[in-house]
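A.B. asks: Protein sequences appear in the order of chains W and R.
At position 513 of the first sequence (counting the first as 1) the number is 513 in the UniProt record's numbering, and the numbers step up by one without a gap.
At position 64 of the second sequence (counting the first as 1) the number is 64 in the UniProt record's numbering, and the numbers step up by one without a gap.
It should be emphasised that the hints constitute simulated quantities derived from the structure, not laboratory data.
The reader is advised that the hints may include incorrect statements.
According to the in silico footprint, chain W covers these stretches of chain R (three or more CB under 8 Å from chain W) [what the hints assert, rightly or not]: (1) 37 to 46; (2) 121 to 133.
Residues of chain R placed beyond 10 Å of chain W at every Cβ, according to the derived structure [said to hold, decoys possible]: (3) E88; (4) R102; (5) P116; (6) Q142.
Cβ atoms here follow ideal geometry from the backbone N, Cα and C, with glycine treated the same way.
This is what each chain is made of:
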Amino acid sequence: MLRTTLAGLRAHKLRLLLTAVAITLGVGFIAGTFVLTDSMDSGVQQTFARGADKVDYAVRPSATASEDIPAALVGRIRSLPGVKDVHGQVKGDAALVGRDGKTVGDMQTVGLSVPDGRLLRYDLDKGRVPRGSGEAVLDSRTAGRQHFSVGDAVSVLDSKGAAHRFTVVGLVDFGIDQDASMRGAVGFDPATAALMTGEKGVEEIDVIGSDRAAIAAAAGPKYEVYTGKRLGETLAKAAGADTKIIRTGLLIFGLVAMLVSALVIYNTFTILIAQRMREMALLRCVGATRRQVFGGVVAESAVVGLVGSVTGLLVGLGLGAGAMALFNALGANMPTAGVALTPRTVVVGLLVGIVVTVLSALLPARAATRVAPVAALRSDLEPGGGRFRLGWVRSVLTAVFAVGGLGAAFLGAVVMEKGESSMFMVAGAGGLMFLAVVTVMPALVRPLGRVAGAIPARLGGVPGRLAVENARRSPHRTATTTIALTIGVGLMSLFAVVGASAKVSSEHQLQQQFPVDFQVNNELNSESRPIPRALAEGLGKRPEFERVIEKKEKETGVAAPGASLGAEASQATVGMVSGDALGTVLKPEFTSGSAAALKPGTAVVGDLFAKDRGLATGATVQVRTPRGPVPVKIVGIYGGDLPLPDVLVPDTDFARHFGSPGPNAIYVKVKDGVSAASARTVVQDAARPYPTVKVASAAEIKEEFTDAIDMMLMIFGGLLGLAIIIALFGIANTLTLSVVERTRESALLRALGLTRRQLRRMLSVEALVMAVIGAFTGVVLGVGFGWAATGSMDDDAVFAVPYLQIVGFIALAAVAGVLAAVLPARRAAKASIVESLSV
Amino acid sequence: MTSTFASPPGGAPSPAAAPPAVVADRVSKVYGSGDAAVHALRGVSVGFAQGAFTAIMGPSGSGKSTLMHCLAGLDTVSEGAVRLGDAEITGMSDKQLTLLRRDRVGFVFQAFNLLPTLTAEQNILLPLQLSGRKADRAWFDQVVDVVGLRDRLSHRPNELSGGQQQRVACARALVARPQVIFADEPTGNLDSRAGAEVLGFLRASVREMGQTIVMVTHDPVAASYADRVVFLRDGVVVNELLQPTPDTVLDRLKSLGG
Numbered sequence: 001m002l003r004t005t006l007a008g009l010r011a012h013k014l015r016l017l018l019t020a021v022a023i024t025l026g027v028g029f030i031a032g033t034f035v036l037t038d039s040m041d042s043g044v045q046q047t048f049a050r051g052a053d054k055v056d057y058a059v060r061p062s063a064t065a066s067e068d069i070p071a072a073l074v075g076r077i078r079s080l081p082g083v084k085d086v087h088g089q090v091k092g093d094a095a096l097v098g099r100d101g102k103t104v105g106d107m108q109t110v111g112l113s114v115p116d117g118r119l120l121r122y123d124l125d126k127g128r129v130p131r132g133s134g135e136a137v138l139d140s141r142t143a144g145r146q147h148f149s150v151g152d153a154v155s156v157l158d159s160k161g162a163a164h165r166f167t168v169v170g171l172v173d174f175g176i177d178q179d180a181s182m183r184g185a186v187g188f189d190p191a192t193a194a195l196m197t198g199e200k201g202v203e204e205i206d207v208i209g210s211d212r213a214a215i216a217a218a219a220g221p222k223y224e225v226y227t228g229k230r231l232g233e234t235l236a237k238a239a240g241a242d243t244k245i246i247r248t249g250l251l252i253f254g255l256v257a258m259l260v261s262a263l264v265i266y267n268t269f270t271i272l273i274a275q276r277m278r279e280m281a282l283l284r285c286v287g288a289t290r291r292q293v294f295g296g297v298v299a300e301s302a303v304v305g306l307v308g309s310v311t312g313l314l315v316g317l318g319l320g321a322g323a324m325a326l327f328n329a330l331g332a333n334m335p336t337a338g339v340a341l342t343p344r345t346v347v348v349g350l351l352v353g354i355v356v357t358v359l360s361a362l363l364p365a366r367a368a369t370r371v372a373p374v375a376a377l378r379s380d381l382e383p384g385g386g387r388f389r390l391g392w393v394r395s396v397l398t399a400v401f402a403v404g405g406l407g408a409a410f411l412g413a414v415v416m417e418k419g420e421s422s423m424f425m426v427a428g429a430g431g432l433m434f435l436a437v438v439t440v441m442p443a444l445v446r447p448l449g450r451v452a453g454a455i456p457a458r459l460g461g462v463p464g465r466l467a468v469e470n471a472r473r474s475p476h477r478t479a480t481t482t483i484a485l486t487i488g489v490g491l492m493s494l495f496a497v498v499g500a501s502a503k504v505s506s507e508h509q510l511q512q513q514f515p516v517d518f519q520v521n522n523e524l525n526s527e528s529r530p531i532p533r534a535l536a537e538g539l540g541k542r543p544e545f546e547r548v549i550e551k552k553e554k555e556t557g558v559a560a561p562g563a564s565l566g567a568e569a570s571q572a573t574v575g576m577v578s579g580d581a582l583g584t585v586l587k588p589e590f591t592s593g594s595a596a597a598l599k600p601g602t603a604v605v606g607d608l609f610a611k612d613r614g615l616a617t618g619a620t621v622q623v624r625t626p627r628g629p630v631p632v633k634i635v636g637i638y639g640g641d642l643p644l645p646d647v648l649v650p651d652t653d654f655a656r657h658f659g660s661p662g663p664n665a666i667y668v669k670v671k672d673g674v675s676a677a678s679a680r681t682v683v684q685d686a687a688r689p690y691p692t693v694k695v696a697s698a699a700e701i702k703e704e705f706t707d708a709i710d711m712m713l714m715i716f717g718g719l720l721g722l723a724i725i726i727a728l729f730g731i732a733n734t735l736t737l738s739v740v741e742r743t744r745e746s747a748l749l750r751a752l753g754l755t756r757r758q759l760r761r762m763l764s765v766e767a768l769v770m771a772v773i774g775a776f777t778g779v780v781l782g783v784g785f786g787w788a789a790t791g792s793m794d795d796d797a798v799f800a801v802p803y804l805q806i807v808g809f810i811a812l813a814a815v816a817g818v819l820a821a822v823l824p825a826r827r828a829a830k831a832s833i834v835e836s837l838s839v
Numbered sequence: 001m002t003s004t005f006a007s008p009p010g011g012a013p014s015p016a017a018a019p020p021a022v023v024a025d026r027v028s029k030v031y032g033s034g035d036a037a038v039h040a041l042r043g044v045s046v047g048f049a050q051g052a053f054t055a056i057m058g059p060s061g062s063g064k065s066t067l068m069h070c071l072a073g074l075d076t077v078s079e080g081a082v083r084l085g086d087a088e089i090t091g092m093s094d095k096q097l098t099l100l101r102r103d104r105v106g107f108v109f110q111a112f113n114l115l116p117t118l119t120a121e122q123n124i125l126l127p128l129q130l131s132g133r134k135a136d137r138a139w140f141d142q143v144v145d146v147v148g149l150r151d152r153l154s155h156r157p158n159e160l161s162g163g164q165q166q167r168v169a170c171a172r173a174l175v176a177r178p179q180v181i182f183a184d185e186p187t188g189n190l191d192s193r194a195g196a197e198v199l200g201f202l203r204a205s206v207r208e209m210g211q212t213i214v215m216v217t218h219d220p221v222a223a224s225y226a227d228r229v230v231f232l233r234d235g236v237v238v239n240e241l242l243q244p245t246p247d248t249v250l251d252r253l254k255s256l257g258g
């Protein structure tokens, strides 16, 4: 039996290949994920190991302590016998001022100590390490972006905000330090670093010489002493958590791809079995048992799975390497240590590929055993009856799934309180609804085919009409083929709808509740360094502005009476906005109470804060102030995602409790009739003398948010693209097999005068109709659950449909469907009429 | 079955006087090459008169089907030439051949004549629609009535009997008024009564409306409906018979040793 199977496979190489492609792509993606993350891991490990190798021992705070190591310990360890060199790592904030006079980046750059000698862990790209109070080194990439190089003079702000001049003496690759690569970094010698960052302690003490016991004795129980090797391992492990997240995220998309592959495989095998009915019957005639026929099909699927998985592993290797190269080309600083193909990748890839293929072929294999031997003698095996009757089993299942899905969606989107559980409810509803679509799809194919084919049937002449009929003639087959596409397109539209809704919601919320034109923020948003009051006062005097609102905030303890105000858990931001801005310009939505109720001795609080602390309107909390705890009565709770403090008190109260520091943010509303450009110039000119003060217009903030969402959609789209490509292979596969099945039909049409081009067009239209059915179903599901998901997330969420994008999805699917038909259509058109007629 | 076609517009041309509708001139057809070469036709020259019903007969492997395929532009010849009406079809491109078949040739095959997705009416109108021609409704009605399919027009092929399916195929061939209808064993799959019906239509369409028909068959009874029988053996025309009867055809076949 196995020999028959293998002979059959050899005889139909193309069929084997087409089937395997679906598995190859799915396994390729999964293997690629592993290759990428393993390579990243091993690169990180190597880099850490290389850095840690230079250290004999390292002292770090033990896992329970979060405080820095006091600098005095550095001196104590230095004086230990046998110690050759010591470096206390200083790490804090040191804002580099860029060429435009403003601090670099959205977050201030990191200030690091860079030691001289053997303990230098970073790679010097250019120049030398800094020595003394007038020299600094820059992170190479930050320097590149700002066009700073060795020999340039730069300005860096210390922790008090005062500018210091430094000469750049070197460019350093700070490697995998997450903060440094995200924010950029400036390096100084250890003493200067401590002065600039204002840090009192050190993060880690690196030691050369002496021995572990002596250092541990000197450090005491609060600190742990690592050997260089263990330090490398520990650091790599901490960094490895990031690759784990990437891996999990990518594997979810890999799973979607495999699900689509499974559908394609199932469909292909079902069609193959139907077409080989006579072959199966012949096998049964000559004495093969049902079990042998079943085994033959399963063995065939295993071979297909194996071939697909092995090529998938190769594809994965390429994908992983390509992704690494791409990320690094895009500027991600990923350490590379070659591409890693671990045994785990191979095992997982092969296992997933073969198991999915075999499982997908089980049902078709069972169908093969049902073929009666006498079928071998029948000649009229007319494929595709065209009708589909929804049996009672399917009807009941569809009803159960649909009612369950719609009910859950309604519960999650409308009834339940918004939050995680309602989102899970909607996700579950989506799953149920998808199952309902899977069961009912064969019955939907004919009506949907009529709709999707309306235009091609009218415009495409006879070939168009025939194509639409062909797409509708095997409802089961078309249903499975199109559902594979439904998955990818459905998820895409879901994300598109959620993204668009988020954009509109935030825009709507800002417009309604926070209608300011400019936000002036201090980048170093620390209480000790508020925005200079002169800036706020200067802006307030300008005639161009209708309102200039100051926001002041203070991090302090807030708790119910009797509870400790010093505890970490009681920390919250208490703040004010100037004058009567709350309720007139800033209009957060109140879930209870109102802005008008805000009188001295009271406060309004954010809903998250209230929920977190279990507070309701009418409750009283204690607020810690420099002059002791003050009772404050809560008179309102506001919702929304606005940049307001947890506890908002009247400005007079705030001044009484905390004095009059400068504001933490200034919100500017421009008078009607003042042009945006001139208003902008005024605000920017006012902010120019202060390097850390940054101005953002409402439009910019909106754009930033929009860009972030668009970026995310693009990434999701790219990852889901694979599932869609696999589904397109499914369409090509179904079409190829249908072409084989209809050899005589095509020949008859050609004899009657259908040109080759018309025959090709006919198949293209058939693929187009299938693609549009699949995409349309996906779009309907995606938009529906986009609505439910939006509703489940937030009460204020506004539902928006990106119509253009959605129409684009369907159009794109149609075009892709036509492309999928190219090869099958060419094959069909090439067939000789005379030979085909005598098949 | 007695059937009467009204004369088509313009009247039927007289069979004897007109030039041949199809001519094969020293046609050879070789499949494969070298030792594996199969000579299906070896220099066949034969003409088929306009408005006549001609049968091609011969034992299996005599080349009768190949000859028909070459005459109908379904297959290309290796040597020689084929003329269909005033058109020299040898050397035509696939596209030209396709358009020629569409506009000037009708087909009735032994089996699988109809598209399963189309109704009987759609099947009948298919060639006209492929060429974008409008159906002459009166003519369509006449053809449909003659083949007795009026109440079957909205049925799909799988709802029709074998005889009905072949009658739909005949109607399809007739409705387009082609220069020639090629019929390849049109009764091969039918019982004798259904077969007689189909052959009756074919003969009536020749007699009463001057349709030209070339039919390949191995059945002497079917051949006896024709005006003339051409006998083929080993790729060569070996004999012919005018005004055949089943007996004369059978005798001739015996004398050929087929």
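A.B. asks: Against which earlier hints does the structure fall short, listed by number upward?
C.D. replies: Checked against the structure, the hints that fail are numbers 1, 4 and 5, while the rest are satisfied.
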